[in-house]
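A.B. asks: Letter by letter, the chains look like this.
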Amino acid sequence: DAGVIQSPRHEVTEMGQEVTLRCKPISGHNSLFWYRQTMMRGLELLIYFNNNVPIDDSGMPEDRFSAKMPNASFSTLKIQPSEPRDSAVYFCASSLLGFGSPEQYFGPGTRLTVT
Amino acid sequence: AQKVTQAQTEISVVEKEDVTLDCVYETRDTTYYLFWYKQPPSGELVFLIRRNSFDEQNEISGRYSWNFQKSTSSFNFTITASQVVDSAVYFCALSTQGGSEKLVFGKGTKLTVNP
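In order, the protein sequence lines correspond to chains Z and Y. First residue of the first sequence: 100, per the working numbering; consecutive thereafter. First residue of the second sequence: 15, per the working numbering; consecutive thereafter.
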């Protein structure tokens with residue numbers, strides 16, 4: 100079975116540019132999570148969706164960040180405009196919440212570098 | 015509030031040694047889940063195990079074993095006869111129904127197994 104798919108795997112962009120990260124969750128999972136990992140702050144939950152609806156976006160750092168989940172098999176995380184401090188690894192994860200198997204399965208991550 | 019503490023920032027052992035990674039958690043919820051994830055140098059986050067708060071049975075999977083003790087709020091992870099391939103950062107995590115089943119991660123323990 101395919102795991103969580105993320106694209107691109109690496110992104111290098113200049114400050115001020117728009118960046119869009121993409122995620123395809125595991126088929127049948129009802130929840131999707133976006134995380135950011137940096138050396139300084141560790142793993143941070145940015146936002147999560149349940150049944151395509153955003154449930155908690157309290158971790159989104161500021162208005163430059165936005166996330167959408169138009170259907171059960173696709174989500175995007177957009178940063179506009181990007182800044183050097185956004186450089187991090189962004190992970191997408193999915194799970195089947197509410198059915199006794201809450202473990203999250205992570206994608207390979209997108210390493211974002213903003214110069 | 016939920017919290018996970020991994021007091022060991024880094025551990026270094028020689029191959030074939032046994033090593034235990036500590037995890038202490040805090041929650042007021044009576045129903046919760048505990049997890050361990052592995053992040054090898056390649057960067058992906060790999061799910062290892064989930065335990066729920068009603069099941070204190072210890073678990074063994076090959077060279078890996080987990081000791082869950084509610085009395086001390088601990089969920090420790092032991093690797094027996096460590097191997098170089100075990101070198102990774104290991105994260106302990108907690109989710110609770112009261113926390114909408116969001117994962118709360120510890121800061122991770124970096125394990126280095128030297129040949």
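Simulated from the structure, these hints should not be mistaken for lab results. Being a predicted model, the structure only gives us computed values, none of them experimental. Every residue gets a Cβ at the ideal spot worked out from N, C-alpha and C, and that includes glycine. It is possible that some hints are incorrect.
Computed from the model, here is a short list of chain Z residues facing chain Y with C-beta under 10 Å [said to hold, decoys possible]:
#: 1; residue: K123
#: 2; residue: G127
#: 3; residue: S130
#: 4; residue: V152
#: 5; residue: F190
#: 6; residue: E202
#: 7; residue: G208
A.B. asks: Does the interface hint hold: is Z:G208 within less than 10 Å of chain Y, judged Cβ to Cβ?
C.D. replies: Holds - the Cβ of Z:G208 comes within 10 Å of chain Y, reaching about 6 Å at its closest.
A.B. asks: Would you settle whether the hint for Z:V152 is holds or violated, based on the nearest Cβ-Cβ distance to chain Y being less than 10 Å?
C.D. replies: Hint violated; Z:V152 Cβ to chain Y Cβ min 13 Å, cut 10 Å.
A.B. asks: Closer than 10 Å between Cβ atoms is the bar; does Z:S130 clear it against chain Y? Give me holds or violated.
C.D. replies: Given a least distance of 8 Å, the restraint on Z:S130 holds.
A.B. asks: Does Z:K123 pass the interface check with chain Y, least Cβ-Cβ distance below 10 Å?
C.D. replies: The hint is violated - Z:K123 has no Cβ within 10 Å of chain Y, the shortest such distance being about 16 Å.
A.B. asks: Interface hint check: Z:G127, Cβ to nearest Cβ on chain Y, cutoff 10 Å. Holds or violated?
C.D. replies: At about 16 Å, which exceeds the 10 Å cut-off, the nearest Cβ of chain Y leaves the hint on Z:G127 violated.
A.B. asks: Given a cut of 10 Å on the nearest C-beta pair, is the interface hint for Z:F190 held or broken against chain Y?
C.D. replies: 6 Å, holds
A.B. asks: Next item in the hint list is Z:E202. Is there a CB on chain Y closer than 10 Å to its CB?
C.D. replies: OK, holds: Z:E202 within 10 Å of chain Y, min 5 Å.
In summary, the numbered hints that this structure violates are 1, 2, 4.
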